[in-house]
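Protein chains in written order, with numbering that gives the first Met the number 0: chain A, 0 to 167; chain Y, 0 to 630.
Heads up, some of the hints might be wrong.
When the alpha-carbon atoms are kept at most 27 Å apart in a straight line, the in silico BS3-like pairs for lysine-lysine are as follows [said to hold, decoys possible]:
| hint | chain 1 | residue 1 | chain 2 | residue 2 |
| --- | --- | --- | --- | --- |
| 1 | Y | LYS278 | A | LYS40 |
| 2 | Y | LYS375 | A | LYS10 |
| 3 | Y | LYS361 | Y | LYS375 |
| 4 | Y | LYS278 | A | LYS142 |
| 5 | A | LYS66 | A | LYS10 |
| 6 | Y | LYS304 | Y | LYS469 |
| 7 | Y | LYS567 | Y | LYS613 |
| 8 | Y | LYS304 | A | LYS10 |
| 9 | Y | LYS469 | A | LYS40 |
| 10 | A | LYS66 | A | LYS142 |
| 11 | Y | LYS375 | Y | LYS413 |
| 12 | Y | LYS278 | Y | LYS413 |
Treat the hints as calculated values from the structure; they're not laboratory data.
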Amino acid sequence: MLKALIIDAQKCSGCRSCENYCSLKHEGACNPAQGRIHVVKWEQEGIFVPINCRRCEKPACQLICPKNATYRNLETGAMEVDPQRCLGCLSCVFACPFGATFVDPESGRVLKCDLCDGDPTCVKVCPTGALTYEEVSLETYRKLLANADQIPILVRAATGRPELCTAG
Amino acid sequence: MYGWVGKILRLDLSEGRSHTEPIELYNDLYVGGRGLGVKLIYDSFTPGTDALAPGNPLIFNTGPLTGTAMPGSSRVDVTALSPMSRLRAKSNFGAYWGAELKFAGFDHLVITGQAEKPCYLWIHDGQVEIRPAEHLWGQDTFQTQRLIQEELGDPEVKIVCIGPAGERLVRFACLISETGDAAGRTGMGAVMGSKNLKAIAVRGAGSVKVARPQEFLELSLQANREIRESPAYQELSVWGVARGVHMMYQMGFFPVGYFEDVCWEELLEKYAAPEYVQKHQLKTVGCFCCPGRCMNFLSVPGLGKGVTSCEPFSGFTGALWNLDMDVFWEATLLTNKLGLDCTETSASIGLLMELYHDGLLKAADTDGIPMERGSKEAILTTIRKIAAREGYGDLLAEGQRAFAQQVGPAAEDKVDLVKGLAPHAYEFRAFHGTALMQAVGHRGDPLPLRGSLLEVDWNHAPEWFQTVAKEQFGSEEAAIPTSYQGKARAAVISEHMERVADNLGICKWLYGLFAYQDVNMAHRFFNLVTGKDWDLQQLLTVSERVRNLERMFDVRQGLTRKHDDLPKKFFEVPLAKGKFAGQVLKREEFEKMKEEYYELRGWDKATGIPTRAKLEELGLKEVADQVLGAA
């Protein structure tokens, strides 16, 4: 079953553990600028949005690559870059509509999330559950339950008859 | 180099010049953070320099672990000569700035001189620029950060800045980063203001290198998990300290009013912080790479958004006889935006309320505003007037003592200060180890020290915490608040523990108090990051060296045993109510505790000054020669 890295920005506390652990895991050094995930922060508003590869169905990074260096890892679904083929032209970085393909500021290498081969480190350290790694069907099922849960409340509100339903 | 990025940036604002200096020489003796800060201020401060003169260096220190992936790795220590105490200043802040400074390529900043016109520093990727800040002068701390981020075109630039209070040299002005992470105490905002320096913006894409990355990753993952599972952090991450403060009031650890009482029944019944948090909290937030989230991010319609942590929850409530949580929040936001230390601010307002209550101060003395206990007008107007140095606020901005002196001798007699600062808002009459730590502390600060926390915890489970005290401090009595026994050793050990976290540039709440109750975890991290193979004792010896050098800086400024004291109220006025009714400090027992402490420290009992033998043992012979005179 396909798993996906799911971001719930509402829950993010902006701590940037994901960025720094990502760098430590992949580069052996602590440097958020080498992370494959970044948190965009509006600290005065309390709004924090983690941005990571969306693993698109038709990935611009893959389509634009002149050397076919970007490919999908069929085990995990992650879009990865073959360093042997990569020219370093950064086309994929500019083509990504989400700004989620990053560049190593030191070496100029393309940094793409490889989902840590199916066991993402960022998810392990996210303290708020803003990052989860779940089976897609399970995630949709949870949403279905949450929505169904709302329906009796809406009915009650619409009819003005609280005795119709005790839930919520 | 691993851990450290290896550079001190020295900047002279008068000359507009900067240069860098390597730090290797200092690492083994002082490690970094607070420790190296003490060394740098001791060496670069010329005795006799005024705190607000260009020659007073303003120093920012990160540690070797700052910016790493381990939880709680973004603390910065700030030091200078304090304009409040004329002793060494010490303040510490978290959030994101410290980590970013290291990514920008520097471990420490030493800023001297005075810019001709308002300026700010832009430090990025090994570069430093002094940029004009006339357009920022007068702006509050929130707006200042927004404007700089806009100007530099990068919302991720991290900034520490002063507000209008620092510009006007309010002696207890602070530094603010983000919406409420403050280097709060000892008046660092005034020192920065005196240099015409509005802000320091940092941004970098460099690395903090790790000697043993695989093991470090594994241990960091473990710590991240353990902290999230720890009961203290499960509480803090939902409520911040909102519920804890009420507990502190119940135990009689937080004073009510200007240390006038320790039990206010109405407060115990009506303290509404938890409800307020429930209603207005968007989320809890924390510092860089920390799974613990001790700060409440509140958004109150009509008042505004921002974070708060512990002190305002008591400083702007019980300490000012205030039960209106909107007033608490407005006061918190105001002090953060204007750049005032909330602890000293609330204590200063508390003084006015006590003087007014006792008939020593009339409304006419305070621009027609009656300083009634709990008055919203008194609280909010005083904050604004201090920061604006307007009317009576101008004098109050010079400090509590300066204000009280103007009112008269009876008023001056009421002032409760420890080494020129409002004591941390904790009660001492029933908590005797806390009293000792406050009195001998370098700026008067018992918390967060482990020994003090044990006295508070004791209330929950006396036998258990006595056992803990026996293990950690060698005496069950060390945990019993009202006992005078075993406190001196607890103070010494706690001070050394605290300095381990401070020297490493990490959070002492996590590594020594709430998540890990000793410094073993911090020690393991230190070796993995730096590649050193130190035993724990080596780190603790650095702590002892730092403690002694701190003391010698202050001795050079004239500090002696008599300054290690508490306001006389604590010796004369017993607690009237509450769990510890009747408790008061006994002078003789208190002095005995101090002597025991000096003895354990190897300091002279009569003067409280470190002995030559102790200093030489710690490799501080030169300091002994300079301050005690040549042998």
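A quick look at each hint next to the structure:
Proximity of Y/LYS278 to A/LYS40 is assessed by CA-CA distance (about 23 Å); at most 27 Å being required, the pair is judged to hold. Straight-line distance between C-alpha atoms of Y/LYS375 and A/LYS10 comes to about 35 Å, which puts the hinted pair past the 27 Å bound. A threshold of 27 Å between alpha carbons decides the hint, and for Y/LYS361 with Y/LYS375 the separation of about 17 Å falls inside it, so the pair holds. For the hint linking Y/LYS278 to A/LYS142, the alpha-carbon distance of about 26 Å falls within 27 Å, and the restraint holds.
With a CA separation close to 39 Å, the supplied pair A/LYS66 and A/LYS10 exceeds the 27 Å bound. Under the criterion of a C-alpha separation no larger than 27 Å, the hint pairing Y/LYS304 with Y/LYS469 is inconsistent with the structure, at around 45 Å. As the CA atoms of Y/LYS567 and Y/LYS613 are separated by approximately 32 Å, the hinted pair breaks the 27 Å bound. With a C-alpha separation of about 17 Å, the suggested pair Y/LYS304 and A/LYS10 falls inside the 27 Å cut-off, and the hint holds.
Taken as a hint, the Y/LYS469 and A/LYS40 pair is broken in the structure, with Cα atoms around 46 Å apart against an allowance of 27 Å. For the hint linking A/LYS66 to A/LYS142, the alpha-carbon distance of about 40 Å lies beyond 27 Å, and the restraint is violated. As the CA atoms of Y/LYS375 and Y/LYS413 are separated by approximately 23 Å, the hinted pair is consistent with the 27 Å bound. Annotation: proposed proximity of Y/LYS278 to Y/LYS413 is violated, straight-line Cα distance about 38 Å (limit 27 Å).
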